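Asker: The residues making up each chain are set out below.
There are 2 protein chains.
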Amino acid sequence: MNERLVVIGGDAAGMSAASQARRLRKPGELEIVAFERGHFASFSACGIPYWVGGDVAERDELIARTPEEHRERDIDLRMRTEVTELDVDGQRVRTRDLESGAEAWTGYDKLVIATGARPLRPPLPGIDAPGVHGVQTLDDGQALLDSLERTKGRRAVVVGAGYIGVEMAEALLNRGYEVTVLNRSEQPMATLDPDMGRLVHRAMDGLGITTVGGAAVTKILTGDDGWVRAVATDDAEYPADVVVLGTGVVPETGLARAAGLPLGVHGGLLTDLAMRVRGHENIWAGGDCVEVLDLVSGRERHIALGTHANKHGQVIGANVGGGYATFPGVVGTAVSKVCALEIARTGLREKDAREVGLAYVTVTVESTSRAGYYPGAAPMTVKMLAERRTGRLLGVQIVGREGAAKRVDIAAVALTAGMTVEQMTVLDLGYAPPFSPVWDPVLVAARKTLAAVRSAG
Amino acid sequence: MNERLVVIGGDAAGMSAASQARRLRKPGELEIVAFERGHFASFSACGIPYWVGGDVAERDELIARTPEEHRERDIDLRMRTEVTELDVDGQRVRTRDLESGAEAWTGYDKLVIATGARPLRPPLPGIDAPGVHGVQTLDDGQALLDSLERTKGRRAVVVGAGYIGVEMAEALLNRGYEVTVLNRSEQPMATLDPDMGRLVHRAMDGLGITTVGGAAVTKILTGDDGWVRAVATDDAEYPADVVVLGTGVVPETGLARAAGLPLGVHGGLLTDLAMRVRGHENIWAGGDCVEVLDLVSGRERHIALGTHANKHGQVIGANVGGGYATFPGVVGTAVSKVCALEIARTGLREKDAREVGLAYVTVTVESTSRAGYYPGAAPMTVKMLAERRTGRLLGVQIVGREGAAKRVDIAAVALTAGMTVEQMTVLDLGYAPPFSPVWDPVLVAARKTLAAVRSAG
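Sequences listed follow chains A and B, in order. If you read the first sequence in the numbering used here, its first letter stands for residue 1, the second for the next number, and so on. If you read the second sequence in the numbering used here, its first letter stands for residue 1, the second for the next number, and so on.
Don't read these hints as lab results, they were simulated from the structure. Predicted, not measured: the structure shown is a model, and the values here were computed from it. One thing to keep in mind: the hints can contain errors.
[Unchecked claim] In silico BS3-like cross-links for lysine-lysine, where the CA-CA straight-line distance does not exceed 30 Å: (1) B:219 to A:26; (2) B:219 to B:152; (3) B:26 to A:448; (4) B:351 to B:448.
[Unchecked claim] So the derived label-pair ranges between C-beta atoms look like this: (5) A:124 to B:390: 54 to 64 Å; (6) B:354 to A:282: 43 to 53 Å; (7) A:78 to B:186: 34 to 44 Å.
Ideal Cβ placement from N, Cα and C applies to all residues, glycine included.
Chain A on its own, in the form it takes in the complex:
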């Protein structure tokens, strides 16, 4: 008896799920049909800033697997086909071919929803003017590159100073632009505490990127030719030959909402640990359209990140394919960089801890990436949060140069394991002068945080 799996969304989560299910179930046992409304499947959205900036030469390098390659693996991937309706009771989806306009219903035995996220496009006057770009899809990236080619001026404004914002600031700097970043919060990287964000701000200043905090964009101004010419805030106008929006994303769950599937407070689908949509035995969801459990705060969060999407896909594929796997949750690890400045965070910020009622102590230490005497030893700032009394690790933020970002993995594993900072002080981490001071910066932070826990009582 041949079952049919339908996958909505042909990117990381959807195609990982499809591929993993295919590994476990032969075409004679499970038919797999996947619908993707865009022009590309299985591409690295995280790589777009590096393509725009010129570190990655060709668009196609960002494509992990082409539609043809998926089809060779017996996955019936239909591109440019949008799912317009989900009929849960009828176990079917309605699709529209975006080229021909043809509509059809496709039945499923099992369904995977991997519709991703969509960029927040604030409804500002001028937001749709030519020269204003999002950077979520490869088409977006190409359109931006075309604009960079077309514009004569070299002034760029980036709206938003989160991951995409700072990465796009670097990309535009690499392309020779004079870059201004307008940010609602006082400091860039609001996923860090403001004191750590200030370090990023200072480094961006040093790179010649103008970062304006507390800037609420009110409109996009255009010239006589209709092309963007400036971005306006309450206080000022910032001339711009090109504008990039890095204003965050929200789960793309219109379809799921219309079908009555359970959504969380952030608008993402709610699943169980096997990534099954709550209350629906034969529907799974993963990637940027779901909410995930934050293992540190115990709350649901929405995090759009390719590495989670891939894991979700694996877990879903295993379960759909008759195996068993779970995704227990995240600890909120994220790394980024602006030129040589590395930025990393995991776990809770001060404000997160307060929000969930955790009393904490926090310590910030300065250390170096290598033994102080070893060439290339670079300064690194590590901020650590631990719960009062118990000393349980709550979060770590790191800003530094080479070797800073991936050190956050130490804390990510420790958070997952529920370690205390006291346990962390004796972790057996790799030490040799080219790689670390004799006390790794994370251990230095753990020692000082332990002292702070004790003196806080």
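Put chain B on the given structure of chain A with help from the hints.
Answerer: Just chain B, lined up with the frame of chain A:
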């Protein structure tokens, strides 16, 4: 009532203990006397290869704290003073001033033994010839540098291909020497499994370092001037203008043995978790002269490594100073490099697992340090061992280029936490294209190892 703490050995463990005790107890409460037989205190022995190789310009950069600085902190550090006898019942040590020859007894209330390790110098003909060098102390390093200055020839032989051996091979290569490494095992880095050691071998070949495996040195040959001229094995003679011994170290515990203190099978002092010598309420020991518990195998090991010595010192200092701290053990993490090749290991090798009766599965994967499309993405080989059936992580070995070594920390924390490879597959590690593929190499290894655990049954 003023107590006296005596510390034997003025390097990492001893002086960390002294410093930490001083932080907790004022000079009026605790007198601290430390004896060091050498010319230097608190120096980084791990840094010597980089000084010899020219990465570190000045010897004094390797000195973390001078004797004067210790004395300013009210630690009575007596240099060039050897402890020649330990009278446990009488609570006193006999010392000899190595300059004047004067002997004296000094009583103690509390004692810290931090006598370190001494290099294994095989009793070979010619081993004491000029031009043959150990590299354990700063004096050794200076003597070697003097030899490099003095010799006209440019052929160097390194005996031993462990950490010191490979690091010294790099140092001598940097100094323009033609380097041959003679190694007893078939592959360099016997702290790795041979299949991973082979990757190091190949990389050393590529650098122009000749590595000879299965080479048992029988004698050192000298010229008419008495200076070394070659190293002989059973099979061959290797011309040498300078010879460096990297043949390992053993705990320096002659004093402790004579005093009847408990030693383990590796000749190191045995302590409890508070680093107190077993059965002796007022004697602590730490650093390269003790054995430590391997948390993965449950066996005692001897590991001479500055980062452990510093932790031991902290723990001892806390306990001596009236606080409380413990050192639970190690998981056996070590990192090193030969030029751009990074080498890392933690936990058990295959042979270690067999020795303690653990059934295991093992998998080796190839991945990259960054997203494949990101500039500078370098190949990385990760070998992982997990226990059969339970899937508990047992060990990880990594060989690769930039970004390889410190990734072992992920496994070090996971080992400490007793994680299974299944738990590791969903670890929330830092991901961005400049730092990692979307599946970190350690996660790729965990996934494949999980599959191997399942199919092994």
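Asker: Look at each hint and say if it fits the structure.
Answerer: Tested hints:
Restraint check: the Cα-Cα separation between residue 219 (chain B) and residue 26 (chain A) comes to about 65 Å, which exceeds 30 Å; the hinted pair is violated. Distance hint between residue 219 (chain B) and residue 152 (chain B) is fulfilled; the C-alpha atoms sit about 22 Å from each other, no more than 30 Å. Under the criterion of a C-alpha separation no larger than 30 Å, the hint pairing residue 26 (chain B) with residue 448 (chain A) is consistent with the structure, at around 21 Å. The hinted pair formed by residue 351 (chain B) and residue 448 (chain B) meets the criterion: a straight-line CA distance of about 21 Å does not exceed 30 Å.
At roughly 57 Å, the beta-carbon separation of residue 124 (chain A) and residue 390 (chain B) lies within the given 54 to 64 Å, and the hint holds. Taken as a hint, the range 43 to 53 Å holds for the pair residue 354 (chain B) and residue 282 (chain A), whose Cβ atoms sit roughly 46 Å apart. Residue 78 (chain A) and residue 186 (chain B) have their C-beta atoms about 55 Å apart, which leaves the hinted 34 to 44 Å range violated.
Of the numbered hints given earlier, the model fails hints 1, 7; all others are met.
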